[in-house]
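Protein sequence lines, in the order shown, are assigned to chains Y and D.
In case it helps, full-length UniProt numbering puts the first sequence at residues 1 to 224.
In case it helps, full-length UniProt numbering puts the second sequence at residues 1 to 224.
Worth flagging that the hints you see were computed from the coordinates, not collected in a lab.
No residue lacks a Cβ here, since even glycine has one placed at the ideal position from N, Cα and C.
Hints are not guaranteed to be accurate.
Cβ-Cβ distance ranges computed for the label pairs, FRET-style [to be verified]: (1) Y:35 <-> D:215: 26 to 36 Å; (2) Y:56 <-> D:190: 26 to 36 Å; (3) D:191 <-> Y:149: 50 to 60 Å; (4) D:11 <-> Y:151: 46 to 56 Å; (5) D:136 <-> Y:111: 29 to 39 Å; (6) Y:11 <-> D:161: 31 to 41 Å; (7) D:161 <-> Y:131: 22 to 32 Å; (8) Y:150 <-> D:50: 18 to 28 Å; (9) D:191 <-> Y:15: 46 to 56 Å; (10) D:141 <-> Y:145: 26 to 36 Å; (11) Y:139 <-> D:14: 24 to 34 Å; (12) D:87 <-> Y:69: 30 to 40 Å; (13) D:190 <-> Y:174: 47 to 57 Å.
Which residues of chain Y face chain D? A partial, calculated answer using Cβ under 7 Å [as the list claims (entries may be wrong)]: (14) 17; (15) 21; (16) 78; (17) 113; (18) 180; (19) 200; (20) 211.
Protein chains: 2
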Amino acid sequence: MTARTPDSARDIPEATVARLPVYLRALTGLAEDGTTTCSSEELAASAGVNSAKLRKDLSYLGSYGTRGVGYDVEYLRYQIAREIGVTQDWPVVIVGIGNLGHALANYSGFRSRGFRVVALLDADPDRHTDVVAGLEVRSFEDLETIVAEHDVSIGVIATPAVAAQSVADRMVASGITSILNFAPTVLTAPEGVDVRKVDLSIELQILAYHEQRKAGAIETEVLS
Amino acid sequence: MTARTPDSARDIPEATVARLPVYLRALTGLAEDGTTTCSSEELAASAGVNSAKLRKDLSYLGSYGTRGVGYDVEYLRYQIAREIGVTQDWPVVIVGIGNLGHALANYSGFRSRGFRVVALLDADPDRHTDVVAGLEVRSFEDLETIVAEHDVSIGVIATPAVAAQSVADRMVASGITSILNFAPTVLTAPEGVDVRKVDLSIELQILAYHEQRKAGAIETEVLS
Numbered sequence: 001m002t003a004r005t006p007d008s009a010r011d012i013p014e015a016t017v018a019r020l021p022v023y024l025r026a027l028t029g030l031a032e033d034g035t036t037t038c039s040s041e042e043l044a045a046s047a048g049v050n051s052a053k054l055r056k057d058l059s060y061l062g063s064y065g066t067r068g069v070g071y072d073v074e075y076l077r078y079q080i081a082r083e084i085g086v087t088q089d090w091p092v093v094i095v096g097i098g099n100l101g102h103a104l105a106n107y108s109g110f111r112s113r114g115f116r117v118v119a120l121l122d123a124d125p126d127r128h129t130d131v132v133a134g135l136e137v138r139s140f141e142d143l144e145t146i147v148a149e150h151d152v153s154i155g156v157i158a159t160p161a162v163a164a165q166s167v168a169d170r171m172v173a174s175g176i177t178s179i180l181n182f183a184p185t186v187l188t189a190p191e192g193v194d195v196r197k198v199d200l201s202i203e204l205q206i207l208a209y210h211e212q213r214k215a216g217a218i219e220t221e222v223l224s
Numbered sequence: 001m002t003a004r005t006p007d008s009a010r011d012i013p014e015a016t017v018a019r020l021p022v023y024l025r026a027l028t029g030l031a032e033d034g035t036t037t038c039s040s041e042e043l044a045a046s047a048g049v050n051s052a053k054l055r056k057d058l059s060y061l062g063s064y065g066t067r068g069v070g071y072d073v074e075y076l077r078y079q080i081a082r083e084i085g086v087t088q089d090w091p092v093v094i095v096g097i098g099n100l101g102h103a104l105a106n107y108s109g110f111r112s113r114g115f116r117v118v119a120l121l122d123a124d125p126d127r128h129t130d131v132v133a134g135l136e137v138r139s140f141e142d143l144e145t146i147v148a149e150h151d152v153s154i155g156v157i158a159t160p161a162v163a164a165q166s167v168a169d170r171m172v173a174s175g176i177t178s179i180l181n182f183a184p185t186v187l188t189a190p191e192g193v194d195v196r197k198v199d200l201s202i203e204l205q206i207l208a209y210h211e212q213r214k215a216g217a218i219e220t221e222v223l224s
């Protein structure tokens, strides 16, 4: 049989999946401000999307809010977190403990979303005496043991570009099925393994687009 | 008058703007592989979107490709880069030179997209003797001088959460109009200033969603 989920009728479009963490973050912000209910307009504004799209997205989760009241912030948070799977505990290994690996190991946003860093691995023996975020940096040779021991399915690559593909291959061989790649290179992986690449410059490019248009507007103002 | 751009009829939807850097990255990958023309399907697959959406997005740029041939990779790259504004040189300052600031200063993906880091600033005098990515770490007190000298419009915040808002306020006062925030906190800024927040856990959450569904699929397979 093919690897379909039991309720494939409820398959959520990929673009909606990508926005769910953004809604979760917005809802967490609202909850922290003491907000207990919110309208779709408020939530959409916090998340930076239009409210029609938000309502459509949430309808995939069976969440429609209450007319005249809006959404229950805590309940919607729970629904989204459950849908994404971050109500579970996800053990994660990080490979490559340079500056970026250090920063990721210390990143508070992982733990609070259900991601638990269980091991930090590096190929450089000089780093094996370091303790980062309470964890000893271990040899990359320990990968298979750690993946088996902690039942790790998600690996994070923060190595230089040149090492990333061989790290990915070894992760896959050890049983890891999701890879988050911070190395500035494109990775290939067999079917069934999800690879996502973080490009830290994407957000800067979006800012540049708006800056360019602001600059255009100022020129027009000066000339008119 | 209001701050509208000269050609506001060509206003590109925000979701399309957010995808342009993704297309640019995919095109750069194709060009590096020696590909000179590509179909919308090929480009869409590289960028991870559907091809109808890609064609719609590119139509805002006046790019329709050639029937039976597809898109000219180099020309489309240039069109998108010009639209985003990354054919210009964007001087950038980074404030907060801990592990993440170090990693960002060394990140090769900024320079290759037209972002030039002109200064690294930190409030901690102990860091002022460090040289990172060929730049001396300077006092945060130098912000105004540097912004004026290099005509900086984009600032990157990589400080702890507690310092981020005061850094943002000072950036705005110094004339910066776009802020990229890596600190795990929500910033407020006056109208006309764009703030974008990078949440490093978003991509992990998308992987978790798919992992959860893979796990569901395996259970079904075992039970059936």
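Structure-based check of each hint:
1. Y:35 <-> D:215: 26 to 36 Å: Between residue 35 (chain Y) and residue 215 (chain D), where Cβ atoms are some 33 Å apart, the hint holds.
2. Y:56 <-> D:190: 26 to 36 Å: holds (32 Å)
3. D:191 <-> Y:149: 50 to 60 Å: Between residue 191 (chain D) and residue 149 (chain Y), where Cβ atoms are some 52 Å apart, the hint holds.
4. D:11 <-> Y:151: 46 to 56 Å: At 49 Å between Cβs, range holds.
5. D:136 <-> Y:111: 29 to 39 Å: Cβ of residue 136 (chain D) to Cβ of residue 111 (chain Y): about 34 Å, so the range 29 to 39 Å holds.
6. Y:11 <-> D:161: 31 to 41 Å: holds (36 Å)
7. D:161 <-> Y:131: 22 to 32 Å: holds (23 Å)
8. Y:150 <-> D:50: 18 to 28 Å: violated (36 Å)
9. D:191 <-> Y:15: 46 to 56 Å: Given about 29 Å between the Cβ atoms, the range is violated.
10. D:141 <-> Y:145: 26 to 36 Å: violated (49 Å)
11. Y:139 <-> D:14: 24 to 34 Å: With Cβ atoms ~46 Å apart, the hint is violated.
12. D:87 <-> Y:69: 30 to 40 Å: violated (49 Å)
13. D:190 <-> Y:174: 47 to 57 Å: holds (50 Å)
14. 17: holds (5 Å)
15. 21: holds (4 Å)
16. 78: Hint violated; residue 78 (chain Y) Cβ to chain D Cβ min 15 Å, cut 7 Å.
17. 113: This interface hint holds because 5 Å falls under the 7 Å limit.
18. 180: holds (6 Å)
19. 200: holds (6 Å)
20. 211: Since the shortest Cβ distance to chain D is 5 Å, the answer is holds.
The structure shown violates the earlier hints numbered 8, 9, 10, 11, 12, 16.
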